[in-house]
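**Student:** Protein sequences appear in the order of chains A and B. Taking our numbering, I'd label the letters of the first sequence as residues 374 to 577. Taking our numbering, I'd label the letters of the second sequence as residues 374 to 577.
Rather than coming from a laboratory, the hints here were simulated on the basis of the structure. Worth double-checking, as some hints may not be accurate.
Same chains, same label: a pair holds when it works inside one copy or across any pair of copies.
As the list claims (entries may be wrong) - Taking lysine-lysine and the DSS-like style, the derived pairs with C-alpha atoms no more than 30 angstroms apart in a straight line are: (1) K512 - K422; (2) K422 - K435; (3) K435 - K531; (4) K512 - K435; (5) K422 - K526; (6) K526 - K435; (7) K531 - K422; (8) K526 - K512; (9) K531 - K512.
Each chain is listed here by its residues.
2 protein chains.
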Amino acid sequence: MSHESPAVEFYFEFSSPYGYIASELIENIARRHDRPLIWKPFLMGAAMKREGSRPLVDYPLKGAYSRHDMLRMARYYELPLVWPETFPVFSVHAARLVYWAADHDPAAASRLTHAFYRAVFVAGEDIAAPEVAATITAKATGLEAAAALAALKNPDVKARLRTETDGALDRGVFGSPFMCVDGELFWGVDRLAMLEEWLRRGGW
Amino acid sequence: MSHESPAVEFYFEFSSPYGYIASELIENIARRHDRPLIWKPFLMGAAMKREGSRPLVDYPLKGAYSRHDMLRMARYYELPLVWPETFPVFSVHAARLVYWAADHDPAAASRLTHAFYRAVFVAGEDIAAPEVAATITAKATGLEAAAALAALKNPDVKARLRTETDGALDRGVFGSPFMCVDGELFWGVDRLAMLEEWLRRGGW
């Protein structure tokens, strides 16, 4: 992989089932086109506040459609998907720890993102508690659970997620997943094919 | 085409650029799978009222994304697309006349849907006025403009669109375009590939 080629940036919220599905597909797409991948968790709550919108499942018709569609889409891609008992997922600790782990080891972001997403949408675990998030981090990355737990209280770690979330919104991200390549934004699992066409043709 | 095979139902709002794009693509998909196509205009205003949502372009981030994305998607499919000067489009007369014309001649629905959509998103015309809608109807279908104009004041014609709109919402339609096949709903231009896969495999 040429690390000179511009990255595919993958914006996601850990509470998003569509984000989980895309997280299982995006690495192969980036690899096929020799692009590095950057994992960018952010907080959808901030986007909803700026947009004046509500969670998908709060809209009566869109909510019903989405619950059906998420499962249909997971089957389409042959991915396991369970509906978490606690929804929306409290994702702040998980998102903070992805940036923290990536700063220690760039390769950790992928492993940790998959670990959190699969905990939620495959194992049906609640990742809200700091201890749970720290344990998942330690298992996935080899970093110390105690260090991860301490990081969650670190003002710099907290500020980092706020900065990343603001940066995502300033760039125009308002949902999960969002992919950015060469300044172009693509929203949704159902745009992965178009994103790949963009990578192939360099735009149109 | 076997008219025994269940139809693909195409739900759309004449104010929707994504509906216009899908209207140019859906007939070939239905034809490839020997399915009749039924054109089902409805009023998005009713869906937004039931959902408690607002027009796409009223959301600051989603609105900006959509304006860019609609043009990008039209280029992707090599379709002309201009942004109408008057937006949202007042689509009530156009929608009423599609049902009215189809009742006179089932083949007229396709011709008239294309005529209205292309008037708005290719020629940039305002189709709000009853006279304009009636003239477009006459040109596209061969029905009399005076009869179309009279139909717009007919309580049965008015009631028909209300019934169709309520039926769409009751079925779960909340956006444009929406495709329904074998009881499965697919929302958006970006689901045409999945719809076609569903037609091919009969579901999954």
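**Student:** Compare the structure with the hints numbered earlier in the document and write down the numbers of the violated ones, lowest to highest.
**Tutor:** Failing hints, ascending: 1, 4, 6.
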